[in-house]
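Here is what each chain is made of, one letter per residue.
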Amino acid sequence: QKEVEQDPGPLSVPEGAIVSLNCTYSNSAFQYFMWYRQYSRKGPELLMYTYSSGNKEDGRFTAQVDKSSKYISLFIRDSQPSDSATYLCAMGGGATNKLIFGTGTLLAVQP
Amino acid sequence: DSGVTQTPKHLITATGQRVTLRCSPRSGDLSVYWYQQSLDQGLQFLIQYYNGEERAKGNILERFSAQQFPDLHSELNLSSLELGDSALYFCASSGLGQGTNTQYFGPGTRLTVL
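Residue numbers (the working numbering), protein chains in the order written: chain A, 1 to 111; chain B, 1 to 114.
In isolation and in its complexed conformation, chain A is listed as follows (with noise of 0.2 angstroms):
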């Protein structure tokens, strides 16, 4: 079993849609839960980082972590066609800052 897991979907959506995208974990220990954002042959760029449970909010993204059931979200509202991209979810904790990555999911938001 893999420590992260997403659906690499492909996921297409219209304009406007509310998009989630998913990760669930399986340590414990990780504390801190970020989301990547990965054009086409770029690197990755964060989007969001959030310490511990709960949300947070970035204009229209929206990041949740359950740390009770391992799950992390995040939330696109208001899809744009510049959000086509990939999304990576990471999570990680301890002494060496390592971050274990989800494989990505890939959105296009259609206009």
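If you're looking for bench data, these hints aren't it; they were derived computationally from the structure. All residues carry an ideal CB built from backbone N, CA and C; glycine is no exception. Just to be clear, a hint being listed does not mean it is correct.
[As the list claims (entries may be wrong)] Only pairs whose alpha carbons sit at most 20 angstroms apart, straight line, appear in this in silico EDC-like list of lysine to aspartate or glutamate:
1) A/56 with A/78
2) A/98 with B/53
3) A/56 with A/15
4) A/98 with B/29
5) A/56 with A/45
6) B/57 with A/3
7) A/98 with B/75
8) A/42 with B/1
9) A/67 with A/5
10) A/70 with A/5
11) A/98 with B/82
12) A/70 with A/3
13) B/9 with A/5
[Unchecked claim] Now the stretches of chain B that chain A is said to cover, found in silico as 3 or more residues with beta-carbon under 8 angstroms:
14) 41-53
15) 104-114
We have chain A already, so just place chain B on it with the hints.
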């Protein structure tokens, strides 16, 4: 722009050859991480250096090695290259200690082994 730079952007070489990838972290960041991303494997952690010393190892092959220099730039050396080593190689950097564990990625080096 994340502030992390990587050179070269593209590299085409033959099997059996050796290449060196270079990374400069964000100003002030002491940690450097190397990742390999291929189509079927996703983003795989290779190795981390912190202030010149190896801190953590991931799925790094024995044919691969890395180092971090006193000016904090890092190099990833790939030798005896195989077709399967063709991938995007990313470098990331982060700050010091807890609470600064966010990693910022460079634009990557695309390696093609023919």
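Status of the hints after comparison with the structure:
Of the pairs offered as hints, the one joining residue 56 of chain A and residue 78 of chain A holds, with about 17 angstroms between alpha carbons and a cut-off of 20 angstroms not exceeded. At most 20 angstroms may separate the alpha-carbon atoms for a hinted pair to count; residue 98 of chain A and residue 53 of chain B meet this at roughly 15 angstroms. At most 20 angstroms may separate the alpha-carbon atoms for a hinted pair to count; residue 56 of chain A and residue 15 of chain A exceed this at roughly 23 angstroms. Between residue 98 of chain A and residue 29 of chain B the alpha-carbon distance is near 15 angstroms, which keeps this suggested pair within the 20 angstroms criterion.
About 17 angstroms separates the Cα atoms of residue 56 of chain A and residue 45 of chain A, which keeps this hinted pair within 20 angstroms; it holds. Using a Cα cut-off of 20 angstroms, the hinted pair residue 57 of chain B and residue 3 of chain A holds, with the two alpha carbons roughly 16 angstroms apart. Using a Cα cut-off of 20 angstroms, the hinted pair residue 98 of chain A and residue 75 of chain B holds, with the two alpha carbons roughly 19 angstroms apart. About 11 angstroms separates the Cα atoms of residue 42 of chain A and residue 1 of chain B, which keeps this hinted pair within 20 angstroms; it holds.
Using a Cα cut-off of 20 angstroms, the hinted pair residue 67 of chain A and residue 5 of chain A holds, with the two alpha carbons roughly 15 angstroms apart. This hinted pair checks out: residue 70 of chain A and residue 5 of chain A have alpha carbons roughly 11 angstroms apart, not beyond 20 angstroms. Restraint check for residue 98 of chain A and residue 82 of chain B: the C-alpha separation of about 27 angstroms exceeds 20 angstroms, so the hint is violated. For the hint pairing residue 70 of chain A with residue 3 of chain A, the CA-to-CA distance comes to about 11 angstroms; that is within 20 angstroms, so the pair holds.
Taken as a hint, the residue 9 of chain B and residue 5 of chain A pair is broken in the structure, with Cα atoms around 30 angstroms apart against an allowance of 20 angstroms. Figure legend: the segment 41-53 of chain B, annotated as covered by chain A; annotation consistent (4 residues with Cβ-Cβ distances under 8 angstroms, at least 3 required). Counting residues of the segment 104-114 of chain B whose beta-carbon sits less than 8 angstroms from any beta-carbon of chain A gives 6, enough to reach three: the coverage restraint holds.
When held up to the earlier numbered hints, the structure conflicts with 3, 11, 13 and fits the remainder.
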